[in-house]
Amino acid sequence: MTGYFVRRILALIPVALGVTTLTFALIHLVPGDPVIAMLGDNASATDIVGLRHAMGLDRPLGIQYLAFLNGLAHGDLGQSISAHAPVATLILEHFPATLELAGAGLLTAILLAFPLGIIAGVNPGGAADLGAMGFAILGISIPHIYLGPLLMIVLSLDLGWLPLTGRGGLSHLVLPAITLGTALAAILARMLRQSLAQVRGADYVRTARSKGLSETGALIRHGLRNALTPVVTLLGLEAGSLLAGSVVTEMIFSWPGLGRLMINAIGARDYPLVEGCVLAYALTYVMVNMATDFVYCAIDPRIRLS
Amino acid sequence: MNLGRGNPSLLIGGAIVAALAAAAIAGPILCGIDPLAIDLKSVLAPPGPGHPLGCDSLGRDVLARVLWGARISLGVSTAVVALTLTIGAIVGGTAAMAGGWVDGLTMRAVDIVLAFPGFLLAIAIAAILGPDLRDLIIALVAMGWTGYARLVRGEVLSLREREYVSAARALGARPARLLFLHLLPGLAGPVAVQATFGVGGIIIAEAALSFLGVGVRPPLPSWGNMIDAGRAFILVAPHVTTAPGVAIGISVLGFNLLGDGLAQLIGRRD
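So the protein lines, in turn, are chains A and B.
Sequential numbering of the first sequence, starting at 1, is according to our numbering.
Sequential numbering of the second sequence, starting at 1, is according to our numbering.
These are computed hints drawn from the structure, not numbers from a lab.
Here chain B is said to cover these stretches of chain A; the calculated rule only asks that three of the stretch's residues, wherever they fall, bring their Cβ under 8 Å from a Cβ of chain B:
{"id": "1", "stretch": "6-20"}
{"id": "2", "stretch": "143-153"}
{"id": "3", "stretch": "247-256"}
{"id": "4", "stretch": "262-271"}
{"id": "5", "stretch": "278-286"}
On a predicted model such as this, the values are computed, not experimentally measured, just so you know.
Ideal Cβ positions, reconstructed from N, Cα and C, are used throughout, including at glycine.
Given the sequences, and given the hints that come with them, work out the whole structure.
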């Protein structure tokens, strides 16, 4: 077991290097000149050459790449142009807010998905199933960018229950968490229902039934754990959409996280900051994927660790 | 043809998608209002005669913009799915047919792109490339091609061992002929299901990019940038955001139902 974890963590190194290289390539190889974009079309040639030199963009690409890696190894991601601060500092400042939002969104998704999926799964075809799955299909279809403003109107402006935007206590977290978590909840609930339907006919569930447990009791006490494996796999696959949703959700609710930092940096043509944010997201994503694998092993001991 | 019997998802999804296609193709012509025409006298006008869905903050007709937005959203999504499918089929198919180091190298490249959160890739590419629709399409294709490459490779690897393929190989068919004439048609079913869900996903991604200001840029209407522009007036004029929001919801619902229906259809046939 320990050996497996160590090997997985070591395997992370080439992936992280690949992702880092891709980030560098994105910013440095994609056509479009960041210097001209920053200074505008009317900039003088002297200014362009000057800024290009100041940012080190006049060096050969290979040297820039090595300098980038070297800086990264020392925790130096360069200097933000718009915020006049080190990129690494800005990212560390904004990262906890994003983590908080993503965690709350994930929690909301799980808290919604379990009751929905179980209600639907224990009695497929029943009224509760239809209702839960109808809700799920709505949840998948409604985009974050519309759900967010909708929640703001109803719960914040009309009823005045919750604050409109910004980060603060728990009350600030409710609307963004629902906005972020609903689509994921719907997807998970559908998977859980399908997965429960599959274990329903399994021998061990029938055995539990014959020992006197009710149909629902047998399914929940013995079937649920086995039904969870595909749900956790799906959760890992959907980690990317949770990150994507968090960028949009941060913009809707003026949430001071990494996503808003990045979008504002794009607006300000602050390329070093954009590069740092993209890299932070990519490395987080790689790590989340590894964590999902570990959870997967913990839930299902049948998975052989090879 | 009784494809729809016992398969309401296919019927309802198909009907929604057909209606959307009709709205995107004929809607802008039938409506006849210029989606870019600014009329400062009807700023944020509520729905009423002349403007069935009201007007936005510049007095532009919301219905006309939603219909033009349908053309842009569906056009972009269809183009992206067609391109990702083509790239995925070529990359995945070639990797599976070639095997060995070509396969290994190609799939490592796919793995690295997959290790990158797709939506971030799209944001970064769209932001750096520029404001054209073409740039937006490139960004979304960069996000989506890996999934199809994996799907096609896996399917080709399993189909390759079927008897009809061995027969064609025994008759002397070259790998390219095998791939395009015998293998790719054989995996049309699973690919069609994934592509249908794919359109829904890309509609949402396009709307999100446009909402963030790196997708379809104003004044060109897109459902995403309409929601962004209407957000500030959501209390006084909720119709400005509701119309494009509902349009996205119905489209995604339609493609999801159609995908469910198609999956059920090929599941039954197999």
